[in-house]
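Novice: Given next are the chains, with one letter for each unit.
2 protein chains.
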Amino acid sequence: MAINPTTCTSVSVREVGLRDGLQSLARTLPTAQKIEWLRALHAAGVREAEVGSFVPARLLPQLADTAEVVAFARTLPGLVTSALVPNLKGARAALDSGADAMLLPLSASHAHSLANLRKTPDEVVAEIGRIRALRDAAGARCLLEVGISTAFGCTIQGRVDEAEVLRLVQAVLDAGAERVGLADTVGYADPLQVARLFEKAFVVAGDRLACGHFHDTRGLGLANVYAAWQAGVRRFDACLGGIGGCPHAPGASGNVATEDLAYLFASMGVPTGLDFDALIALRARLAGWLEGEPLHGHVWRAGLPKTLRPPARA
Amino acid sequence: MAINPTTCTSVSVREVGLRDGLQSLARTLPTAQKIEWLRALHAAGVREAEVGSFVPARLLPQLADTAEVVAFARTLPGLVTSALVPNLKGARAALDSGADAMLLPLSASHAHSLANLRKTPDEVVAEIGRIRALRDAAGARCLLEVGISTAFGCTIQGRVDEAEVLRLVQAVLDAGAERVGLADTVGYADPLQVARLFEKAFVVAGDRLACGHFHDTRGLGLANVYAAWQAGVRRFDACLGGIGGCPHAPGASGNVATEDLAYLFASMGVPTGLDFDALIALRARLAGWLEGEPLHGHVWRAGLPKTLRPPARA
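So the sequences go chain by chain: P and X.
Following this note's numbering, the numbering of the first sequence begins with 1 at its first residue and continues without gaps.
Following this note's numbering, the numbering of the second sequence begins with 1 at its first residue and continues without gaps.
Just chain P, same shape as in the assembly:
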């Protein structure tokens, strides 16, 4: 198999635990602990984080402090701070917050889109156009990124047509999105499907296709990351401790774990800028903050292989 010649270019990791992870938990993590989490992530080398969601507090009380968390995140040097934004009202709040980027979710599954956002995918595309106009009118620099969720299948409707995903990639770019990513929201993707869909989406979007978001629900998370990386993806979402599981699959793994992703790329010699030991230490603190919640991931337990450790000094 021919390895992509860009093998040695670095990979960047966006930590999404403070949004995708926490929104799936019933408990609310105090703002002070979110700030601790962000500070330690930054110290561990993370340079991009999705820190919350501008949705009504009654829908997601866990993320009601998003503006405050964004304000803190902006004080961390070099950290790109994004927040999820489901609609025009959320976009206004995101612009007010000074976030560097907003993540606009669009479900490729018609059924999931209706159930989750009460809009069809094309209604979401239209809203993205309005958000772009709002952003431009405000003269703000906040980057617009669309995450195409359920791109690899949906728990409600099952199969999602690749042609529909590709049509939506083009549509959101036409509507003014500056970056787009593909998300396996429910852990249905397999490596061949990931390679195929990303290859096709690169033809549509070029380097504006800039994120792979994978869940480890059925154990294929890192195999899918590897397949996406082979297809040319160089930026991935992940959650420390693999949080972000689906409430419909109790105990199942959530997002790919940040520390496992860091290990995957370190083992292949691909730089991520992440400090493995610092991530593992932070994972232990997170386990304390989220006591009683299942954390996931693998490498924290066995530790790095001897082959990845520098030899002990004599």
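Fair warning: there could be bad hints in the mix.
Copies of one chain are not kept apart here, so a pair can be met inside one copy or by any two copies together.
Computed list of lysine-lysine pairs in DSSO-like fashion (alpha-carbon distance at most 30 Å, straight line) [stated by the list, open to error]:
hint	residue 1	residue 2
1	K89	K306
2	K306	K119
3	K119	K200
What the hints contain is simulated information worked out from the structure, not anything from laboratory work.
Predicted model, so just to flag it, every value in this text is computed and none were measured.
On the provided structure of chain P, position chain X as indicated by the hints.
Specialist: Frame of chain P; chain X shown alone:
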């Protein structure tokens, strides 16, 4: 990325739980339960199993009933039965048992070889030559397969040179082995390394290179399986419930789980002949037999995606 044109050929899975899995547990599973396990595996479509090890009972009391288990396995139609054999004495017992194949382990790591078998790798090569001569003199049909363990790194010596692994692949074939596989005994491998080493080993061994054996110690098990499959490997070892963990990494995952491997290939449309539901049901029974032991794997918890289930009848 170009997918190997043999994408749609089937993959075969050798269940090694009764050997690699059980030998790592302190308890001894009664022979009757091993027989139940084998019967259910066979009903689930498994057509190859490593059922024990011909080593002195004082070293591995868990596998002292290997001859009896082989005798039962031989009654299952179409099942290829193998046993691990560390030396000439074990080979005699394997030939007496009527096993279809013997698996001869050879550590590519010099340090691991000395610690585990008290022989250098080249002394093991010589023993393999003697075992071949014994087999031929006996006129037996028992196939000789060598598993090159620690091929991707070693917990004792760390790095294992690829050139040494390739030299040993050639040496064991020269000594009379009919098949050879590469094993990531300690969960050190990464997907790029797997692709690279298998590609080189195929040049040496051609289609006599016929097995990939991966542990999921650090979460890369299935990514490594995928990389090996891309390199052309079509036969894999696995343990139901992912048993076979390393005593030095308490709680860490063991071998790749048979049910997860079945799911990986099913999701990619690659036939394995395995019945997923039957494997999951058997996993639940195994959890009962091994009560108190950690089982691993992922897909058992979330179940198959809707996209892999036939539509419900009206």
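Novice: Hint by hint, where does the structure go against what was stated? Just the numbers, ascending.
Specialist: 1
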